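*Asks:* These protein sequence lines are chains W and U, in that order.
The opening residue of the first sequence carries number 455 in our numbering; numbering runs sequentially from there.
The opening residue of the second sequence carries number 87 in our numbering; numbering runs sequentially from there.
To be clear, the hints were calculated from the coordinates, so they are not data collected in a lab.
Predicted model, so just to flag it, every value in this text is computed and none were measured.
C-beta atoms are modelled at their ideal positions from N, C-alpha and C, and glycine is treated no differently.
Just so you know, not all the hints are guaranteed correct.
Lysine-lysine pairs mimicking DSBU-like chemistry, simulated, CA-CA at most 35 Å apart [unchecked claim]:
hint : chain 1 : residue 1 : chain 2 : residue 2
1    : U       : K144      : U       : K164
2    : U       : K144      : W       : K458
3    : W       : K458      : W       : K683
4    : U       : K144      : W       : K683
Chain U regions said to be covered by chain W (calculated; three or more residues, Cβ under 8 Å) [claimed, not checked]:
hint : region
5    : 125-135
6    : 139-153
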Amino acid sequence: MSIKSLVVYSLVGAVLPLVIGIVALAWAWPDLPAEVATHWGDDGQPDGFMTRSTALIVWQVGTLLGVWVVLTAAVARVPASAPGARGIKAVPAAAAWGVAMLTMGTAVAQRGDVATARSLSGWWVGWVLLAAAVGAGLAYALGDPAPDMPRRTGDPGDDVPRLADTASGAEWWTGVAPAGRTMLASAAGLLVLSVVTAWVVGPWVLLLTLPVLAVLVASSYARVTVGRKKVVVTGGLFGWPRLSVALDSVVEALPTTARVRQWGGVGLRTRPGATGIITRGGEALELRRTDGTTVVITVDDADTAAGAINSLLEQV
Amino acid sequence: MLLQLDDTDTRPLYQQIASAIRGAVATGDLAPQDRLPSGRDLAESSGVTLETVQRAYKSLVEEGLLVSRVGRGTSVAKDVDVDALSLQAEVRALIVRARQVGVDLDDLIALVRRQWPETGATTT
């Protein structure tokens, strides 16, 4: 991540929510008791307290900055050229904005007497998600666009597959990678968990679990379409997410095998110098790009996919 | 699924795309009820306009080869006659070959008439 983009991401993802949170706390300050409740027992009665200035530091500086720094460190190594990189890099801002909203809500609910201090209603999760969406939107809008890639020179290597019959030429290849066991098990597990917790804790829990479930469903299935210009990958939730790699930036394609463990899970994954769109373990397509990074996409019949791409690269 | 266009084909692009999809069904590359990529995916990946791809899909839906349903995208019809389609594709290839060697329509038909009994088929 360049210094310039780090500054932009810091301003949008950390400084702005921090300032908004502190302004909100300052506004509530005169009404806050000297000691505020920071933890509530199962019975809804406050059982943990801090002085209001400690609370300010712990909530704002500790939690918000802590979450932001950890997540930024995690996404910083994602190459800007990776498909979906701009979205991934908006995640720390989303988390920081969510924490800021949670903090503000807690502070506002504390105004008045400490004895009547209430824990936040679960439905506040909705506001937290809204704040996270605003943070993510801002970071995405102001974030790094995909960089210009070096142009490909020459044809793919001799050792990569090509279509057997190139007489008529390939125009499109399309294939799918359906969900594997890991994905189905996680989705089923989460569905059961969300129903049970919604039953026990309250229906607002669904506000938290349903978005996660939606992301799981979205990444459970990938359709890969290869044409003269791009490799387009669309997810399982009405075509979302939608990622693409320009063929201009691809040196060559080859079939490979992806292991879920090697990628640390399923979905959009990153490793140093590589991005994976992983729905299951098994057959996958590896794209070697002109900037030295690779993109791995799980797909059935990866051999033909790679052949079609290499043949297209030779045609254009 | 591989879709191939014929470089010598001079028909409008949407007809060529329709023909390529018909060809994929004929060769069994696309089976009945198989889903096709969205028009947007096909257009974005190749730089062809979305209108062209949609026009190709629409003509195949009208033909009964594809079915389009809201929320489920476009897929190959359940009751499509793969044998008839593959025969159609072979005849088409035969016509192209005949034209390459300078055989016109009447000659080709005459040739088929002559060959017909030799394969043991009866003529009416």
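*Asks:* All hints, please: hold or fail.
*Replies:* Structure-based check of all given hints:
For the given pair, U/K144 sits about 17 Å from U/K164 by alpha-carbon distance, which is consistent with the 35 Å threshold. This hinted pair does not check out: U/K144 and W/K458 have alpha carbons roughly 48 Å apart, beyond 35 Å. Between W/K458 and W/K683 the CA atoms are separated by roughly 31 Å; this keeps the pair inside 35 Å, and the hint holds. Proposed proximity of U/K144 and W/K683 is supported: the alpha carbons are some 24 Å apart, at most 35 Å.
Check result for the region 125-135 of chain U against chain W: holds, 8 residues qualifying (beta carbon to beta carbon below 8 Å, three or more required). Coverage of a stretch by a chain is defined here by at least three residues with a beta carbon nearer than 8 Å to that chain's beta carbons; for the region 139-153 of chain U and chain W the count is 0, and the condition is violated.
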